[in-house]
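Asker: As they're listed, the protein sequences go chains A and B. Numbering follows my numbering, with no gaps: position 31 of the first sequence is 31. Numbering follows my numbering, with no gaps: position 19 of the second sequence is 19.
Rather than coming from a laboratory, the hints here were simulated on the basis of the structure. Keep in mind that the hints are not guaranteed to be accurate.
[What the hints assert, rightly or not] Think about it this way: if two alpha-carbon atoms lie no more than 20 Å apart in a straight line, the pair counts; the simulated SDA-like pairs of lysine to any residue are:
hint: 1; chain 1: B; residue 1: Lys55; chain 2: A; residue 2: Thr101
hint: 2; chain 1: B; residue 1: Lys73; chain 2: B; residue 2: Ala59
hint: 3; chain 1: B; residue 1: Lys70; chain 2: B; residue 2: Gln57
hint: 4; chain 1: B; residue 1: Lys73; chain 2: B; residue 2: Tyr54
hint: 5; chain 1: A; residue 1: Lys57; chain 2: B; residue 2: Asp101
hint: 6; chain 1: A; residue 1: Lys57; chain 2: B; residue 2: Lys70
Okay, here's what each chain looks like letter by letter:
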Amino acid sequence: NAGVTQTPKFRVLKTGQSMTLLCAQDMNHEYMYWYRQDPGMGLRLIHYSVGEGTTAKGEVPDGYNVSRLKKQNFLLGLESAAPSQTSVYFCASTADRVGKTQYFGPGTRLLVL
Amino acid sequence: AQTVTQSQPEMSVQEAETVTLSCTYDTSESDYYLFWYKQPPSRQMILVIRQEAYKQQNATENRFSVNFQKAAKSFSLKISDSQLGDAAMYFCAYRLYNNNDMRFGAGTRLTVKP
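If we strip away everything but chain A, and leave its shape as in the complex, we get (with noise of 0.2 Å):
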């Protein structure tokens, strides 16, 4: 049971390349999460979805699109990457609305140059 996975683990970018993170999980989850956790503090959420072709924005959205076409995949897009976004980002999911655990991928480090 691989749980929660993420594509790709590593990435360099160029300012204003653009580029698409894959989340993935195969636990039947509704609930998927985007993060980035930057030094010195914790993980902020960026957008998550509550459900197959649902999004909602988080607490710091801005310069991220995201997409759930299917239920097992949470894609995290950015458009024109800017130094600032150069940060770990994780993938998380859960059961449901009350889901009281969020299981989280292995992270996704990203370089914006």
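Put chain B on the given structure of chain A with help from the hints.
Answerer: Just chain B, lined up with the frame of chain A:
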């Protein structure tokens, strides 16, 4: 807005000893969850322990236990019989019962000395 504060950026403990990590939070709500997550060098976020705010009894998971003081909005983690594998960043987190926005503290780096 809910905030979570971890006042100890770094802590150190001798192997086999006990250490307590502090966490305070600010909220006007009454129904919420509190969590402690462990992040080893591999970066994987691992759930250590969870507490429901409506439960007065403190949660325990083997060597890990919490001291939940709802009125004081305090949620500390006690690690007993510390092991080398406990060395990691520890994050305290808060989430409302019916809300998806989980708020994390800045973390405490725990070092375990052999």
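Asker: All hints are to be evaluated individually against the structure, with a verdict given for each.
Answerer: Checked hints:
1. For the given pair, Lys55(B) sits about 16 Å from Thr101(A) by alpha-carbon distance, which is consistent with the 20 Å threshold.
2. At most 20 Å may separate the alpha-carbon atoms for a hinted pair to count; Lys73(B) and Ala59(B) meet this at roughly 16 Å.
3. For the proposed pair Lys70(B) and Gln57(B), the alpha carbon gap of about 11 Å is at most 20 Å, so the pair holds.
4. The suggested pairing of Lys73(B) with Tyr54(B) holds, with an alpha-carbon distance near 13 Å, which does not exceed 20 Å.
5. Simply put, Lys57(A) and Asp101(B) have alpha-carbon atoms about 10 Å apart, close enough for the 20 Å limit, and the pair holds.
6. A hinted pair counts as satisfied when its Cα atoms are at most 20 Å apart, and Lys57(A) with Lys70(B) does not qualify at roughly 29 Å.
Of the numbered hints stated above, the single one contradicted by the structure is hint 6.
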